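Student: Protein chains in written order, with our numbering: chain Y, 1 to 259; chain V, 260 to 518; chain H, 519 to 777; chain W, 778 to 1036; chain S, 1037 to 1295; chain F, 1296 to 1554; chain B, 1555 to 1813.
Think of the hints as simulated: they come from the structure by calculation, not from any bench.
Just so you know, these numbers come straight off a predicted model, no measurement behind them.
It is possible that part of the hints are untrue.
Cross-link-like lysine-lysine pairs, in silico, DSBU-like; alpha carbons within 30 angstroms at most [stated by the list, open to error]:
1. F/Lys1356 x F/Lys1470
2. W/Lys838 x H/Lys693
3. B/Lys1669 x F/Lys1381
4. V/Lys309 x Y/Lys175
5. V/Lys490 x Y/Lys175
6. V/Lys374 x V/Lys309
7. S/Lys1151 x S/Lys1132
8. W/Lys1008 x H/Lys693
9. W/Lys873 x W/Lys1008
10. B/Lys1729 x B/Lys1669
11. V/Lys320 x Y/Lys86
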Amino acid sequence: MFRNQYDTDVTVWSPEGRLLQVEYAMESVKQGSACVGLRSDTTCVLGALKRSVSELSSHQKKLLEIDDHIACGIAGLTADARSLAKYMQTECLNHKYVYGTPIPPHQLMADLADKHQRTTQIYVRRPFGVGLLISSVDSRGVPHLYQTCPSGNLYEFYASAIGARSQSARTYLEKHYETFATCSTDQLIVHALQALAGCVSGDDELTVDNGSIAIVGKDQSFTLIEGDALKPYIDQLEQKADNDDEEGEEEKESEAMET
Amino acid sequence: MFRNQYDTDVTVWSPEGRLLQVEYAMESVKQGSACVGLRSDTTCVLGALKRSVSELSSHQKKLLEIDDHIACGIAGLTADARSLAKYMQTECLNHKYVYGTPIPPHQLMADLADKHQRTTQIYVRRPFGVGLLISSVDSRGVPHLYQTCPSGNLYEFYASAIGARSQSARTYLEKHYETFATCSTDQLIVHALQALAGCVSGDDELTVDNGSIAIVGKDQSFTLIEGDALKPYIDQLEQKADNDDEEGEEEKESEAMET
Amino acid sequence: MFRNQYDTDVTVWSPEGRLLQVEYAMESVKQGSACVGLRSDTTCVLGALKRSVSELSSHQKKLLEIDDHIACGIAGLTADARSLAKYMQTECLNHKYVYGTPIPPHQLMADLADKHQRTTQIYVRRPFGVGLLISSVDSRGVPHLYQTCPSGNLYEFYASAIGARSQSARTYLEKHYETFATCSTDQLIVHALQALAGCVSGDDELTVDNGSIAIVGKDQSFTLIEGDALKPYIDQLEQKADNDDEEGEEEKESEAMET
Amino acid sequence: MFRNQYDTDVTVWSPEGRLLQVEYAMESVKQGSACVGLRSDTTCVLGALKRSVSELSSHQKKLLEIDDHIACGIAGLTADARSLAKYMQTECLNHKYVYGTPIPPHQLMADLADKHQRTTQIYVRRPFGVGLLISSVDSRGVPHLYQTCPSGNLYEFYASAIGARSQSARTYLEKHYETFATCSTDQLIVHALQALAGCVSGDDELTVDNGSIAIVGKDQSFTLIEGDALKPYIDQLEQKADNDDEEGEEEKESEAMET
Amino acid sequence: MFRNQYDTDVTVWSPEGRLLQVEYAMESVKQGSACVGLRSDTTCVLGALKRSVSELSSHQKKLLEIDDHIACGIAGLTADARSLAKYMQTECLNHKYVYGTPIPPHQLMADLADKHQRTTQIYVRRPFGVGLLISSVDSRGVPHLYQTCPSGNLYEFYASAIGARSQSARTYLEKHYETFATCSTDQLIVHALQALAGCVSGDDELTVDNGSIAIVGKDQSFTLIEGDALKPYIDQLEQKADNDDEEGEEEKESEAMET
Amino acid sequence: MFRNQYDTDVTVWSPEGRLLQVEYAMESVKQGSACVGLRSDTTCVLGALKRSVSELSSHQKKLLEIDDHIACGIAGLTADARSLAKYMQTECLNHKYVYGTPIPPHQLMADLADKHQRTTQIYVRRPFGVGLLISSVDSRGVPHLYQTCPSGNLYEFYASAIGARSQSARTYLEKHYETFATCSTDQLIVHALQALAGCVSGDDELTVDNGSIAIVGKDQSFTLIEGDALKPYIDQLEQKADNDDEEGEEEKESEAMET
Amino acid sequence: MFRNQYDTDVTVWSPEGRLLQVEYAMESVKQGSACVGLRSDTTCVLGALKRSVSELSSHQKKLLEIDDHIACGIAGLTADARSLAKYMQTECLNHKYVYGTPIPPHQLMADLADKHQRTTQIYVRRPFGVGLLISSVDSRGVPHLYQTCPSGNLYEFYASAIGARSQSARTYLEKHYETFATCSTDQLIVHALQALAGCVSGDDELTVDNGSIAIVGKDQSFTLIEGDALKPYIDQLEQKADNDDEEGEEEKESEAMET
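Next up, chain Y with everything else stripped away, as it sits in the complex (with noise of 0.2 angstroms):
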């Protein structure tokens, strides 16, 4: 397709009715590391293959606390995920400023949602290159797992892989999911690695240095669990698995921008 003339401005549609400059912004989520999330009845794990840009630097954080009950994993151009992390962090201090409670996580995506669909409608600025998954427990306890993407869309899944080779942990979890309801947390951490280990790169491997996990859930506060204390889960890991012959679907997800 001769796509020159119609992708080099946000606010400039297709002929075939595409936002080109979104698209191509979605190409920035795949090329970060990767990022799973899965949630059972009553928790929702996050897990991230931090990447470390030399010897000499600490990993970089792929997972954050936005509040108590809501963590961030992020995937694509990290300057942008900071940003839209301190957003989310300072909307959620308003509210219990505010209104005394937590905020609801359905009431933040939906800002979150709009701060991303601006930067596709108005001229003056680019969308956002990365996506984010969301994992946060309601005011009744009950876990829910976001993710966003540049072209302001949203949406709810069970379980879920943002970023490079993140194909494979789909497989992953989509022949698993349906047992996830009533893992117990470790049970579950045990699937967001396994499901991370495939997204590992080639001559490479999932170690307590480069994992990481983050847990909220119905009576549990945003937990970081790095380095050592990944140690034992890690060991419960069997065969890194299959992630090779399925690369060839990995456009499949992102390109679904209208329902």
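We have chain Y already, so just place chains V, H, W, S, F and B on it with the hints.
Tutor: Then chains V, H, W, S, F and B, alone, in the frame of chain Y:
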């Protein structure tokens, strides 16, 4: 036709007196999953096909409550639709707060259409890439079915369908709409599902999972019928019919920007 | 002529001293369905052909009440027309509120024409793609028929017609307009319908469904005549006449931007 | 000359030190119907050819009252002229309100010329496409005839003519202007009509319908002479003269932007 | 040289470190009719050639009173000059109002030069297309002759000439300027006219109609000498001299933007 | 790759999901002279190579005091760096004034990264062309070494090096960083200089003139070591080592915009 | 190199990490007439070649008083320089007014450099086309010589020279600068003139007319030495020296934007 020169800016007329960017945005509506609406003398029913981006996700909401007496079905860019829905919900709340009565549907529609129109005339924005079917009941209990499109046009319909493969649904509705006036709510629902059934893509089917029905009526506040509640109606559906040979007519409707 | 360079921006003159974007917007008026206006010494009558986007929709409103003493017929982009009508209605309300008297039609017209003019001189907007026929009665009971066009020009007419195939109607009006001054309202309506009949496209006909008449007069507030009420007048219509050989003249009228 | 590069933006100089967009706007003036002005020691007379867009319309107003002591004749884009006239009328009212005296003509002229100049220097606007002849009487009863053009230049004339075929009128005025100082008002009117007569296009004629005269003078408030009141003067006109061989000189006047 | 890329925007440097748009604006100055200035130890004299756009018009004013002690001669775009003159007049009035004393000429000059400079650095404006010769007397009675140009540069001269064919005048002034210091006002006027005489185009002549002289001096408020008052001085003029062979040097002066 | 279309605007995504303008700005960092940073458990040391534009100039400052407990080393566009340093100094002062305590380093870093991020998303600005190494001590006395880059990314390092030929320094730091935790301040300084020595361009050498060291630590306010004070440390340096064969790896670090 | 794509906008990075518009602006500095600066331990001397646009004009001021203790020499676009000088003068006055003490030179320099930096990052402005040499004395009586350039960089020098043919002066200064610290003011002036002499263009000479010296020092307020006062120093000058063979090195200095 050589469109290059006049189709990258919404503030530029083509020599034929057309706004090509608005027409491109209309293409986005045609790619959304189908949405139908129809009404009797007392009740207005919306039906929609929900898409799910993957096995792991919930189905996307397609029918939204705007107010007790107003519902909204969407086809096109979800993020734009959500932003417009939020606008309408706020308008309804403001009207209730200021006047103490529900907003008259035609007034909300006029404001909404104006909001669309502005994006087609001012430089720094793109037209919304979404079509809306809005069912409502006015203060005398009379139901109205409105349709908006990216051009800012506003139509009132006896029955309508928008989105992918919606020509099939329109054909069904044209055959039967003269009987709708006296239908019971249950009959309207079955008609809506029957129309929707023709819009399902080739190897798929209308089920309790992807179907969705929303009702507003004279003495009936907004009610959503999904999942198991939908089962009795699905069971009454006839065979999926003649949706193949009519695709060619699809363009007719959406390009009618002038009166 | 090679127009490329000067026709994509409303703030750019062509070397011939023309504003090509304004002329393109005028093309949009020619594509709207026809609208006619004519007046006697006491009454002003508008007539319009209503289009319906499908069998399922109501016909689009073409004749709008602006105030008790002002009516408006539109040809062109509906969304722009609605936005302008809303502006006029608000102006009328404001004038009544501030001065306690109906707005003098010529004053409303001057404000409206200015609103058009600004879109032809300032960078960030496009010209409106709509022509309006506005019938009104001033404080002395004298009827006026105004016409606006995208250039911001304002004309006063004895009788006029705009929109698709309107040349036929103009020819009819030119033949008879000298007799209008003393016509009764009923005679004016028949003249309006007769003129409209020539604007119906080839295989269609003027009926009680697609015809519409609006009256304002000395002692006559805005009155809309549609549907069955229109029947007695339709019945008096002569045969559809000579609208084929005159299409070639169609451009003459709308390009007259200078005086 | 290769003008392409420097002629689409009013804020861009051509390498020859010209503003081509301003020159293009001047072309618009040459396409308006003719307008002439001349003055004696006590009176200033404007004359204009009114165009009508069709047999059905009133003739367009070409001579406007700005204030009791100021009249304005226009050639070019009507919508721009009306917008400028409104500006002048408001300035006159404001001056009267603030100082209790009529605005001095030269002050109004300076403000008007500045309003033009700004559109030739600032990015977001186009130059006005209209030339104005403004007749006025100052506080000592001395008449002045001013001419503006799109460049923002302002000239004072003994007599002048602008618009289509105005070269003929200028030739006439140059032959006779030395006698104007002591003419009676009636004689001035006949001179104005005589000059106008040469500007009528080939197969047309100056009549009481398309002619128009406006007078302001020492003890003479703005007076418009049209229709039957114009008859006695038309009857005195000589034969239509020599307006054919001089068209070639037409460009001379309007391009003189520098002094 | 290949200038295309860097010469359509005033905010863009060419690779040679030049602002081509500013240089183009300087061309506009060279096309205005000539203006000369010279001063003795007590008096500053400006002389100008007035152009008239036609036989019917008054000659354009070329020498303007800014204040009692400041006069201004212009060459280039008249509309820009008038706008700048108005700015200076307002500054003079403000200074008098605030401080009760005439504005010091060098302070007005600094403000004026800054006003020019801004148009050469900010995106939305073009540089002024006019050069000014400004004669003034400071509070100690010392005369100053300033010259501005579109670049925003400001020069102080013993004597200068700008506009079309001004090289001839400059040659004359260079020959005689050393004698000016002790000249009487009458002698300065004759020198100014003598210099101007060389700037008249080939088949024209310096007369009481197109010549104009303005004087400000130690005990001499702004005085304009035109028409018959100019006759005694014109009569003293020598033969028109050597203005033909020196045109080639014309560019030298105006391009000196750097120091 | 064909980059032309997507690399001249920071608000435009390339089809691969990259922001090319941000990557180009990163090139600017690689051209600045080298800067290294490393820390023990109590102290953070920055080292930099100062460049002098000529023999006649002082060396440019490369290590700046932001606050008592925060220092900053720069590589890239000096003017941008100075502007960012000023911003940070102001933030530190404000925090002290409002809260009475030194600003927590991580909070300053988050604000700084946000300031970068905005220049990569909003139309009217370019990304900053500078990389910063920021050493700091938090309220518990723990040292932190941060690095920013034009993308708005923020990294925490054990040790790092940026600027021209910095790969050599990174190689040195990777070999020894495990021993840094327990180093004395003097040892850290020697390590920093040793790393820097590899970054000096071919025919030059690390001396007391071009070397510079800045220290912040647990009980150590910002201290700059330059000139003669640096002599004892320079004397301890080993031979300049292996910085030639590793240049090829240089790009690796700076392009890691995603996590 | 192919520079076309990245060199017309100051907010666009070239793929090599350069801001080409800033480099082009630097060319403007090289075209200004030369300016030198040097300092002893107590005094700072600026010298400049004044250009005159014609025999008739005064020489342009090249050395400006900013405050009692600050002087400024300019090379490049005069209008930009004057605008910056005015800015500095205002800052000095404000500081004196607010704090009652002279502004510390380094603080003024930081503000000035920031003013430059903003024009290199924000869309609507071009970089200043001028280089400044600024001599100053701080509150302890220590002289400082600063140099700014269009990039917003700020250098402190022992001695420096900018403008056309300034390489010759720099060569002279490099030979002798080590002796300047203990020079008397008279000796510094002779050194400055000696350096300047090498910058005079081929067939010209340094004279009391085109030379100019400005002094600020420990107990020495701003003093300008021009005309006859300069004679004794000019008489001491040696022969004009070796400025021909070194032109090739000219570019070296001004492009050093990074540190």
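Student: If a hint holds in the structure, say so; if it does not, say that too.
Tutor: Hint check:
1. For the hint pairing F/Lys1356 with F/Lys1470, the CA-to-CA distance comes to about 29 angstroms; that is within 30 angstroms, so the pair holds.
2. Distance restraint check for W/Lys838 and H/Lys693: the Cα-Cα separation of roughly 25 angstroms lies within the 30 angstroms cut-off, and the hinted pair is therefore satisfied.
3. For the hint linking B/Lys1669 to F/Lys1381, the alpha-carbon distance of about 13 angstroms falls within 30 angstroms, and the restraint holds.
4. Between V/Lys309 and Y/Lys175, the direct Cα distance comes to roughly 23 angstroms. Compliance with the 30 angstroms bound is thereby established for this hinted pair.
5. About 27 angstroms separates the Cα atoms of V/Lys490 and Y/Lys175, which keeps this hinted pair within 30 angstroms; it holds.
6. A threshold of 30 angstroms between alpha carbons decides the hint, and for V/Lys374 with V/Lys309 the separation of about 26 angstroms falls inside it, so the pair holds.
7. Straight-line distance between C-alpha atoms of S/Lys1151 and S/Lys1132 comes to about 20 angstroms, which keeps the hinted pair within the 30 angstroms bound.
8. A C-alpha spacing of about 27 angstroms is found between W/Lys1008 and H/Lys693, which places the hinted pair at or below 30 angstroms, so the restraint holds.
9. For the given pair, W/Lys873 sits about 36 angstroms from W/Lys1008 by alpha-carbon distance, which is inconsistent with the 30 angstroms threshold.
10. Among the hinted pairs, B/Lys1729 with B/Lys1669 is inconsistent with the structure: their alpha-carbon atoms are about 34 angstroms apart, more than 30 angstroms.
11. A threshold of 30 angstroms between alpha carbons decides the hint, and for V/Lys320 with Y/Lys86 the separation of about 28 angstroms falls inside it, so the pair holds.
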